[in-house]
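Work out the full structure: start from the sequences and follow the hints.
Number of protein chains: 2
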Amino acid sequence: MALSKNSAKHIRSLAQKKFRQQHQQFVAEGDKIVRELLSTSAVKIVIVVCTSDWYTKNTELVAQRKAEVVEVTPTALNKISQLKTANQVLAVVVQWQSELNAATVSSDWSLYLERVQDPGNLGTILRIADWFGIPNVICSPDCADLFNSKVIQSSMGAFMRIAAPRLELAQLHQQFPDIPIYASSLSGTSIYEQKQLKPGILVMGNESRGITEEAQTLATAELKIPSYGKHDMESLNVAVATGILCAALRFK
Amino acid sequence: MALSKNSAKHIRSLAQKKFRQQHQQFVAEGDKIVRELLSTSAVKIVIVVCTSDWYTKNTELVAQRKAEVVEVTPTALNKISQLKTANQVLAVVVQWQSELNAATVSSDWSLYLERVQDPGNLGTILRIADWFGIPNVICSPDCADLFNSKVIQSSMGAFMRIAAPRLELAQLHQQFPDIPIYASSLSGTSIYEQKQLKPGILVMGNESRGITEEAQTLATAELKIPSYGKHDMESLNVAVATGILCAALRFK
Numbered sequence: 006m007a008l009s010k011n012s013a014k015h016i017r018s019l020a021q022k023k024f025r026q027q028h029q030q031f032v033a034e035g036d037k038i039v040r041e042l043l044s045t046s047a048v049k050i051v052i053v054v055c056t057s058d059w060y061t062k063n064t065e066l067v068a069q070r071k072a073e074v075v076e077v078t079p080t081a082l083n084k085i086s087q088l089k090t091a092n093q094v095l096a097v098v099v100q101w102q103s104e105l106n107a108a109t110v111s112s113d114w115s116l117y118l119e120r121v122q123d124p125g126n127l128g129t130i131l132r133i134a135d136w137f138g139i140p141n142v143i144c145s146p147d148c149a150d151l152f153n154s155k156v157i158q159s160s161m162g163a164f165m166r167i168a169a170p171r172l173e174l175a176q177l178h179q180q181f182p183d184i185p186i187y188a189s190s191l192s193g194t195s196i197y198e199q200k201q202l203k204p205g206i207l208v209m210g211n212e213s214r215g216i217t218e219e220a221q222t223l224a225t226a227e228l229k230i231p232s233y234g235k236h237d238m239e240s241l242n243v244a245v246a247t248g249i250l251c252a253a254l255r256f257k
Numbered sequence: 006m007a008l009s010k011n012s013a014k015h016i017r018s019l020a021q022k023k024f025r026q027q028h029q030q031f032v033a034e035g036d037k038i039v040r041e042l043l044s045t046s047a048v049k050i051v052i053v054v055c056t057s058d059w060y061t062k063n064t065e066l067v068a069q070r071k072a073e074v075v076e077v078t079p080t081a082l083n084k085i086s087q088l089k090t091a092n093q094v095l096a097v098v099v100q101w102q103s104e105l106n107a108a109t110v111s112s113d114w115s116l117y118l119e120r121v122q123d124p125g126n127l128g129t130i131l132r133i134a135d136w137f138g139i140p141n142v143i144c145s146p147d148c149a150d151l152f153n154s155k156v157i158q159s160s161m162g163a164f165m166r167i168a169a170p171r172l173e174l175a176q177l178h179q180q181f182p183d184i185p186i187y188a189s190s191l192s193g194t195s196i197y198e199q200k201q202l203k204p205g206i207l208v209m210g211n212e213s214r215g216i217t218e219e220a221q222t223l224a225t226a227e228l229k230i231p232s233y234g235k236h237d238m239e240s241l242n243v244a245v246a247t248g249i250l251c252a253a254l255r256f257k
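In the order they appear, the protein sequences are chains A and B.
For the first sequence, counting from 1, position 54 maps to 59 in the working numbering; every step adds exactly one.
For the second sequence, counting from 1, position 65 maps to 70 in the working numbering; every step adds exactly one.
BS3-like, lysine-lysine: derived pairs with alpha carbons at most 25 Å apart:
{"no.": "1", "chain 1": "A", "residue 1": "K14", "chain 2": "A", "residue 2": "K89"}
{"no.": "2", "chain 1": "B", "residue 1": "K203", "chain 2": "A", "residue 2": "K257"}
{"no.": "3", "chain 1": "B", "residue 1": "K155", "chain 2": "A", "residue 2": "K89"}
{"no.": "4", "chain 1": "B", "residue 1": "K22", "chain 2": "A", "residue 2": "K89"}
{"no.": "5", "chain 1": "B", "residue 1": "K49", "chain 2": "B", "residue 2": "K62"}
I should point out that these hints are in silico values taken from the structure, not numbers from a laboratory.
Remember, predicted model here, so these are calculated numbers, not experimental data.
Structure below.
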C-alpha cells in the first residue's frame with residue numbers, strides 16, 4: 006500500500022499543535038521509540054510509515070499489534086518527517102489523557118512545571134523524572150505541549166511512563182493541602198543546607214522568568230542550587246536544575 | 006549605512022562550520038549576548054547589525070567599542086538570522102583560540118568532553134561549568150564546534166568565560182600524568198558512594214555511545230549517577246548528567 010497524498014498531508018499537519026489537538030494524534034519518529042510504542046499495549050497506533058528495511062526487521066512486532074503499515078522510500082519518509090534527516094520509521098499515535106497518580110502525590114516527590122516553554126526542556130525533565138523514580142510531572146496549562154515532537158524525542162520514551170497532567174498549581178494545592186510545596190528560586194535556601202525536607206511538590210519555573218508569585222506564596226520553602234566561587238548572576242538551564250535538585254532530593 | 010548584499014551573504018554563510026573556519030568568525034545573536042560581547046574588551050567585533058530601536062538604546066556602548074554598526078529593518082535582520090525569529094541584534098565576531106588554563110587543571114576539577122555532538126548540550130555544559138566554577142572544559146577534536154550558534158545561544162555567555170580548548174584525552178593525560186581521570190559511565194560506582202575523590206578530570210561521553218575504551222583505560226575510577234527505584238535502562242541527557250555530577254563534586 007502506498008502512502009496517499011492525503012495521509013502525507015495529515016501527518017505533516019501534526020507538526021502543528023492546532024492539528025494535533027484537533028485530531029488528538031501525534032507523531033513519534035525513530036526506531037527505538039516506535040518499537041517501544043508498538044510494545045506498549047495501552048497505546049493506540051494509527052499508522053506506521055517505514056522503509057522496507059525497517060519493516061523486514063520488525064514484521065513480527067507490527068503484525069502482533071495489527072497496526073496499519075505503509076512502506077515508503079527514504080525520500081518519501083523525509084518528506085513527511087519533522088526531523089532534518091528522517092529516521093527509518095515514524096508512527097502516528099492517538100493522544101492520551103495523562104492522569105494524576107494521586108496516591109503517589111501524597112507519599113512521594115512530584116514535580117510541578119510552571120510555563121516551561123521549550124519542548125526540549127520538557128522532554129528532558131520527563132527523562133529525569135523517569136530516572137529518579139518521580140511518578141508525577143504536573144504541568145501548568147501554559148507549558149509546552151506534551152505531544153510536541155521535540156518533547157517525544159528528548160524524553161526518550163519517558164513520556165509514556167510518567168504522568169504529566171495539566172493542572173493549575175492552586176488546584177493541585179487545593180487537592181493536596183497537606184503536601185508541602187517547594188519552589189526552585191535563586192533567592193531560596195541551598196538545597197544542601199535545607200533541613201527537614203519531607204516529600205512534596207517541587208516547582209520549577211519558566212526558562213527566563215522563573216517561578217510565579219503564586220508559587221512563592223504557596224511555597225513552604227524556596228530552594229536553590231548554590232553556585233561555586235564567583236559567578237555572573239547567570240542561572241542554570243531549567244532541565245539541568247531539575248536534574249540536580251532531583252538527585253539531591255533522592256541522594257543527599 | 007545599509008547592509009550590502011555581500012555582507013548579508015557573508016553573515017548567512019557563517020551558519021556553516023566550513024565558512025566559520027575559513028573566515029575565523031562567528032555570529033552571536035540577541036540583546037544580552039551582544040551587549041556582553043561589546044563589554045568584553047578582548048573580543049574583536051567585526052560588525053553589529055541591529056534594528057534602529059536597539060541602536061537607540063545602545064548607541065553609547067557601541068560607540069565606546071568603535072564597532073561598525075549597520076541599522077536594518079526587522080525583516081532584513083530576519084533574512085540573515087539563524088534564529089526562527091530574529092532578535093533585535095546580531096554581531097559578527099572574530100573567533101579566538103581557547104587556551105588551557107594549566108594551573109587550574111593541576112589544582113581544581115576540569116571537564117573533558119568526548120565527542121559531544123549536540124551543540125545545545127555543549128553550550129549547556131559550558132553554562133554548568135560557569136555556575137560551578139569549573140575553569141576548563143576540554144573538548145575532544147570531534148566535539149561540536151564551539152562557535153556553532155546553538156552553542157553560543159545555549160551557553161548564555163559562558164562560552165566567553167570558560168576555557169574550552171581542543172585536545173586528545175591521551176595528550177591531556179601526558180601533560181598531567183598525576184591528575185586523576187574519572188569517567189562517567191553507567192557501569193561505574195555511585196558518585197554518592199565513591200570515597201576519596203581528589204580533584205581531577207571528569208570525562209563525559211557521547212550522547213548515545215558514552216565514553217570511549219581509551220577513557221575507560223585511562224580512568225582512575227568510573228563514576229555513575231544512581232537511578233532511583235525501577236528504571237528501564239535508560240540514561241540521562243549528557244548535559245543533565247554533567248550538572249548532577251558537578252553539583253555532587255562541589256557539594257556532596
